[in-house]
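K.L.:
If you want the building blocks of each chain, they are given just below.
4 protein chains.
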Amino acid sequence: MVQLNEEILHKVITKRPEISHKGTFGRVVLIGGNQQYGGAIIMSAEACIKSGAGLTTVITAKENHSALHARLPEAMVVDFSETKLIYQVLDKADVILIGPGLGLAKEMALLLKGILNNQQAEQWLVIDGSAITLFSDYKLSLKFPAQTTFTPHLAEWAHLSGLSFVQQTNENNRAKQALLGAKIVLKSHRTTIYDDAVAYYQNPLGNPGMATGGMGDTLAGMITGFLAQFEKNTDTIAAAVYLHSLIGDALAKDNYVVLPTSISESLPRYMKKFATERN
Amino acid sequence: MVQLNEEILHKVITKRPEISHKGTFGRVVLIGGNQQYGGAIIMSAEACIKSGAGLTTVITAKENHSALHARLPEAMVVDFSETKLIYQVLDKADVILIGPGLGLAKEMALLLKGILNNQQAEQWLVIDGSAITLFSDYKLSLKFPAQTTFTPHLAEWAHLSGLSFVQQTNENNRAKQALLGAKIVLKSHRTTIYDDAVAYYQNPLGNPGMATGGMGDTLAGMITGFLAQFEKNTDTIAAAVYLHSLIGDALAKDNYVVLPTSISESLPRYMKKFATERN
Amino acid sequence: MVQLNEEILHKVITKRPEISHKGTFGRVVLIGGNQQYGGAIIMSAEACIKSGAGLTTVITAKENHSALHARLPEAMVVDFSETKLIYQVLDKADVILIGPGLGLAKEMALLLKGILNNQQAEQWLVIDGSAITLFSDYKLSLKFPAQTTFTPHLAEWAHLSGLSFVQQTNENNRAKQALLGAKIVLKSHRTTIYDDAVAYYQNPLGNPGMATGGMGDTLAGMITGFLAQFEKNTDTIAAAVYLHSLIGDALAKDNYVVLPTSISESLPRYMKKFATERN
Amino acid sequence: MVQLNEEILHKVITKRPEISHKGTFGRVVLIGGNQQYGGAIIMSAEACIKSGAGLTTVITAKENHSALHARLPEAMVVDFSETKLIYQVLDKADVILIGPGLGLAKEMALLLKGILNNQQAEQWLVIDGSAITLFSDYKLSLKFPAQTTFTPHLAEWAHLSGLSFVQQTNENNRAKQALLGAKIVLKSHRTTIYDDAVAYYQNPLGNPGMATGGMGDTLAGMITGFLAQFEKNTDTIAAAVYLHSLIGDALAKDNYVVLPTSISESLPRYMKKFATERN
Chain W
1 MVQLNEEILH KVITKRPEIS HKGTFGRVVL IGGNQQYGGA IIMSAEACIK SGAGLTTVIT
61 AKENHSALHA RLPEAMVVDF SETKLIYQVL DKADVILIGP GLGLAKEMAL LLKGILNNQQ
121 AEQWLVIDGS AITLFSDYKL SLKFPAQTTF TPHLAEWAHL SGLSFVQQTN ENNRAKQALL
181 GAKIVLKSHR TTIYDDAVAY YQNPLGNPGM ATGGMGDTLA GMITGFLAQF EKNTDTIAAA
241 VYLHSLIGDA LAKDNYVVLP TSISESLPRY MKKFATERN
Chain A
1 MVQLNEEILH KVITKRPEIS HKGTFGRVVL IGGNQQYGGA IIMSAEACIK SGAGLTTVIT
61 AKENHSALHA RLPEAMVVDF SETKLIYQVL DKADVILIGP GLGLAKEMAL LLKGILNNQQ
121 AEQWLVIDGS AITLFSDYKL SLKFPAQTTF TPHLAEWAHL SGLSFVQQTN ENNRAKQALL
181 GAKIVLKSHR TTIYDDAVAY YQNPLGNPGM ATGGMGDTLA GMITGFLAQF EKNTDTIAAA
241 VYLHSLIGDA LAKDNYVVLP TSISESLPRY MKKFATERN
Chain L
1 MVQLNEEILH KVITKRPEIS HKGTFGRVVL IGGNQQYGGA IIMSAEACIK SGAGLTTVIT
61 AKENHSALHA RLPEAMVVDF SETKLIYQVL DKADVILIGP GLGLAKEMAL LLKGILNNQQ
121 AEQWLVIDGS AITLFSDYKL SLKFPAQTTF TPHLAEWAHL SGLSFVQQTN ENNRAKQALL
181 GAKIVLKSHR TTIYDDAVAY YQNPLGNPGM ATGGMGDTLA GMITGFLAQF EKNTDTIAAA
241 VYLHSLIGDA LAKDNYVVLP TSISESLPRY MKKFATERN
Chain Y
1 MVQLNEEILH KVITKRPEIS HKGTFGRVVL IGGNQQYGGA IIMSAEACIK SGAGLTTVIT
61 AKENHSALHA RLPEAMVVDF SETKLIYQVL DKADVILIGP GLGLAKEMAL LLKGILNNQQ
121 AEQWLVIDGS AITLFSDYKL SLKFPAQTTF TPHLAEWAHL SGLSFVQQTN ENNRAKQALL
181 GAKIVLKSHR TTIYDDAVAY YQNPLGNPGM ATGGMGDTLA GMITGFLAQF EKNTDTIAAA
241 VYLHSLIGDA LAKDNYVVLP TSISESLPRY MKKFATERN
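Protein chains in written order, with full-length UniProt numbering: chain W, 1 to 279; chain A, 1 to 279; chain L, 1 to 279; chain Y, 1 to 279.
Quick caveat, the hints were computed from the structure, so don't treat them as lab data. Since we're looking at a predicted model, the values are computed, not measured. Hints may contain errors.
Said to hold, decoys possible - Coverage of chain A stretches by chain L, computed from C-beta distances (three or more under 8 Å per stretch; other residues unrestricted):
#1 34 to 40
#2 60 to 67
#3 213 to 223
#4 254 to 260
To be verified - Cross-link-like lysine-lysine pairs, in silico, DSSO-like; alpha carbons within 30 Å at most:
#5 Lys11(L) - Lys272(L)
#6 Lys253(L) - Lys11(Y)
#7 Lys84(Y) - Lys62(W)
#8 Lys232(W) - Lys11(Y)
#9 Lys272(L) - Lys272(A)
#10 Lys272(Y) - Lys272(L)
#11 Lys15(L) - Lys62(A)
#12 Lys22(Y) - Lys62(L)
#13 Lys62(Y) - Lys84(L)
#14 Lys273(L) - Lys273(A)
#15 Lys253(W) - Lys232(A)
#16 Lys11(L) - Lys62(L)
#17 Lys11(W) - Lys253(Y)
#18 Lys62(A) - Lys62(W)
#19 Lys113(W) - Lys232(W)
Glycine residues also receive a C-beta, built at the ideal position from the N, C-alpha and C atoms.
With the hints as constraints, model all of the structure from the sequences given.
P.N.:
Rendered as structure tokens:
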């Protein structure tokens with residue numbers, strides 16, 4: 001298991017090609033935010049767009065459209081009720097995130113199932129929050145596990161893996177990851193990334209000022225934004241995880257609590273710093 | 001009676017435990033904001049979240065959801081009409097605030113009554129603004145007075161205590177507090193905190209630039225956020241009161257009027273300052 | 001006619017009394033903003049609250065409530081349709097502003113008429129924008145002219161006074177002001193304030209970068225906020241006019257266009273500067 | 001073909017006349033933003049207002065009104081459904097922009113057709129985004145081509161001109177522009193402006209950090225704002241194109257991705273800089 005360090009940022013955050021357009025940096029669809037948890041998908045969208053995804057569409061409850069646009073006119077928006085349009089938008093997506101603030105309603109399980117069934121050979125998928133619980137509860141399965149990432153916290157991992165907290169040893173986690181085939185970002189005090197039956201990376205950063213609602217939604221948005229524009233692999237996911245904590249640690253020097261939205265706010269400057277140092 | 005000073009901040013604002021998660025810093029439910037006074041509960045939520053509460057749900061009128069999320073995606077939201085969901089959310093709360101912008105409608109009196117009846121042995125309760133008036137008008141009673149804090153201004157205290165303005169001597173206030181059993185934050189030019197039949201603390205800070213609508217809502221949100229994450233006692237309430245004025249005084253050096261939202265904006269930096277000095 | 005200078009700010013912007021509460025600095029009601037012009041009353045509200053009014057309620061179309069709260073939770077809000085509540089709120093007002101973005105619908109003429117009829121002996125009234133046109137069109141009259149201020153631009157003044165542009169000489173304007181009895185803030189390249197049949201003050205400041213939609217709404221809000229907390233007289237109106245342009249000139253040093261909302265943003269700092277220099 | 005440089009900014013961004021009012025700097029109508037793409041027209045409006053247009057009305061779907069006002073109270077707003085009011089507002093416009101986020105619904109084609117038919121001898125028109133596609137699909141025609149600007153990206157130009165990507169040589173583009181008669185801002189890695197059968201200007205600036213959703217909407221808003229207040233000609237369009245990239249390049253020095261809204265935010269300062277250097 002490798003401890004992540006700044007090398008991963010220099011490796012992943014490449015200089016953008018001079019001849020490019022917004023499509024070059026990926027089409028993203030973010031799905032989440034019911035009436036109660038609308039803020040979650042808004043925070044994911046801020047992280048995704050401010051990390052540099054080319055085109056971002058948010059599928060969420062109608063109640064959240066106005067607040068999303070008030071904060072982030074850069075996002076496009078589709079309502080949960082517009083089934084036909086949802087699948088049109090999904091068809092063109094390079095990366096899909098489902099889960100932040102999605103809730104556990106049956107319709108959302110059906111939507112998740114539909115998305116899993118329609119995943120295409122080139123599409124990457126990030127499954128976060130309530131969608132992990134729904135995936136477990138409804139015993140759903142993956143079409144392209146290697147292109148799929150789960151981002152559970154410890155309780156969601158217990159549910160998904162069937163491992164109780166004490167059973168969540170590195171070895172057991174690796175075995176369960178191998179069974180699922182998907183990449184696992186196991187969020188905790190020291191987040192670990194599992195892939196290819198190996199505990200690939202551990203994140204040495206992060207601080208207790210980051211323990212506040214929305215921090216995971218922001219991380220999920222960053223992972224999605226990174227996958228949209230950089231190479232689609234475990235390194236890219238690890239870079240998002242590491243940068244999320246690195247910014248959180250920097251902000252915690254002056255702030256008792258680190259607001260998730262303040263991490264997203266800082267993304268363009270930090271990413272430039274690591275891209276510039278390298279090139 | 002002790003004059004509050006910076007000691008109270010060093011005492012209360014502890015360094016966060018390294019191994020922690022958002023639940024560690026408390027689940028908060030904030031209840032308020034009818035159609036007319038929606039801004040009040042938004043300001044409470046900003047103060048609560050920016051002071052570091054772990055997870056914050058706002059129960060408010062549907063009309064306020066969008067503005068809340070536009071300002072503060074970190075909050076979750078439930079509508080006044082969703083009775084079942086309200087009690088589910090309340091069941092898991094560590095600290096509950098009711099009152100900012102709640103208004104005096106009968107349904108709100110019923111909601112307050114329901115909350116008082118359902119208060120649990122471990123739950124702390126802050127009763128502010130209209131909820132103090134409703135408590136008085138409907139002659140409601142407390143299940144766990146020692147875990148309950150009222151934050152009246154002078155007129156609300158007159159109503160709650162039955163003491164006219166001239167009768168509001170320190171001695172009379174102490175007697176009435178003893179009768180109620182709850183902690184009293186009596187807001188005025190120089191806010192006084194009563195508990196255990198004693199005028200525990202007086203706040204020497206504050207300035208007339210803070211005399212603007214929303215300042216009390218912000219204080220109520222801070223008290224709630226502090227109770228969620230620090231020891232649940234009178235010192236913690238006093239620290240919130242003192243810091244609220246300390247920031248207000250700092251901002252008043254450069255600003256003729258101090259906006260309540262600018263106090264909340266400053267919370268993470270000021271709390272870090274006092275936490276850091278100590279550790 | 002006196003040229004305004006910084007003296008007027010030192011004279012009007014007094015140090016706030018130590019023993020005070022939000023009521024000390026006035027209860028304001030702002031009326032305006034139909035479906036098309038909602039931004040106007042939002043800008044008035046920002047100017048009013050950031051200039052230091054104690055308690056501000058905005059009466060506006062339902063469509064504008066959410067944006068108002070998203071920008072300014074410090075404001076309270078009432079819908080045009082809630083007639084009973086409107087008059088309850090108006091009864092307690094110290095200063096009322098009607099007009100910004102109100103539009104010319106008949107219902108608005110009725111509302112204006114109702115407000116004029118209900119004006120109380122202690123209440124001050126500011127009539128701006130569409131409300132000036134409605135006042136002229138419906139030939140309405142004032143109950144307390146000396147407590148009323150009109151803030152027309154040149155075309156609105158032509159309509160109100162019956163003076164064509166070429167007839168708008170200083171002498172003719174003075175005569176018409178005497179007839180109306182109300183104070184007149186005649187907005188132009190160099191705004192002039194008329195009262196007591198005299199051209200009291202002329203404002204030497206202002207710049208063409210301020211010629212953008214919303215600048216007048218912001219001035220109306222400032223005048224209202226100043227009347228709410230300072231002595232209710234022509235000097236106070238003049239101080240608001242002068243400060244509005246002084247800030248506009250300062251911002252124009254670095255900005256090609258001066259956004260109205262950036263003037264409001266600067267109010268607390270500028271007001272502090274002039275209050276502090278004096279005391 | 002001339003490479004654009006800072007000269008164009010000094011030439012176009014004139015010192016504002018001292019005696020002026022908001023009408024002096026143009027009445028603008030911006031049309032766009034359906035339910036899915038509301039953010040696009042909001043970003044155009046921010047660019048238009050912050051570049052200094054005098055009065056700006058946005059015609060958009062009802063769902064977008066609240067977010068528009070929350071970000072930009074300086075804008076006025078009319079709903080797509082208010083046909084009569086739309087044409088009243090259009091009648092008074094100096095410059096009209098149609099297209100950002102408009103979508104391809106049939107009603108929008110009808111609206112575009114209506115606007116083209118009603119264009120007046122003094123009105124300038126900017127056709128962007130979906131409106132270019134609708135113009136091509138419905139084979140619409142222009143009343144005043146010389147007062148009309150299309151702002152296609154390469155795919156939209158292929159559709160409008162009938163030229164495949166490989167056919168889009170400078171010569172072919174010039175011929176097609178001559179046929180259309182309208183000015184063409186052909187957006188790409190290095191944007192080219194065609195007029196009078198000539199490739200007038202090429203923009204040497206711009207960077208891949210600007211390749212993100214909303215960048216074109218912002219440019220369209222800037223062109224519209226510039227035409228509203230400066231001389232209505234190709235130079236003015238070129239100045240907007242050049243400044244858009246110049247600010248984008250400046251922001252890209254510190255930011256990995258350049259948010260469209262951050263370009264608009266910077267407009268007043270940059271425009272002042274070039275206006276000041278000249279005068």
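K.L.:
For every hint, state whether the structure bears it out.
P.N.:
Verification of the supplied hints:
1. 34 to 40: Since 6 is at least three, the answer is holds.
2. 60 to 67: holds (count 4)
3. 213 to 223: holds (count 3)
4. 254 to 260: As far as the stretch 254 to 260 of chain A goes, the hint holds, because 7 residues have Cβ atoms under 8 Å from chain L.
5. Lys11(L) - Lys272(L): holds (13 Å)
6. Lys253(L) - Lys11(Y): holds (20 Å)
7. Lys84(Y) - Lys62(W): holds (28 Å)
8. Lys232(W) - Lys11(Y): violated (47 Å)
9. Lys272(L) - Lys272(A): holds (27 Å)
10. Lys272(Y) - Lys272(L): holds (27 Å)
11. Lys15(L) - Lys62(A): This hinted pair is violated, its Cα atoms lying about 40 Å apart.
12. Lys22(Y) - Lys62(L): This hinted pair holds, its Cα atoms lying about 28 Å apart.
13. Lys62(Y) - Lys84(L): Roughly 28 Å between the alpha carbons, so the hint for Lys62(Y) and Lys84(L) holds.
14. Lys273(L) - Lys273(A): holds (27 Å)
15. Lys253(W) - Lys232(A): Distance of about 26 Å is within 30 Å: holds.
16. Lys11(L) - Lys62(L): The hint is violated at about 39 Å.
17. Lys11(W) - Lys253(Y): holds (20 Å)
18. Lys62(A) - Lys62(W): holds (13 Å)
19. Lys113(W) - Lys232(W): At roughly 23 Å apart (the allowed maximum being 30 Å), Lys232(W) and Lys113(W) satisfy the hint.
Violated hints, listed in ascending order, are 8, 11, 16; each of the other numbered hints is respected by the structure.
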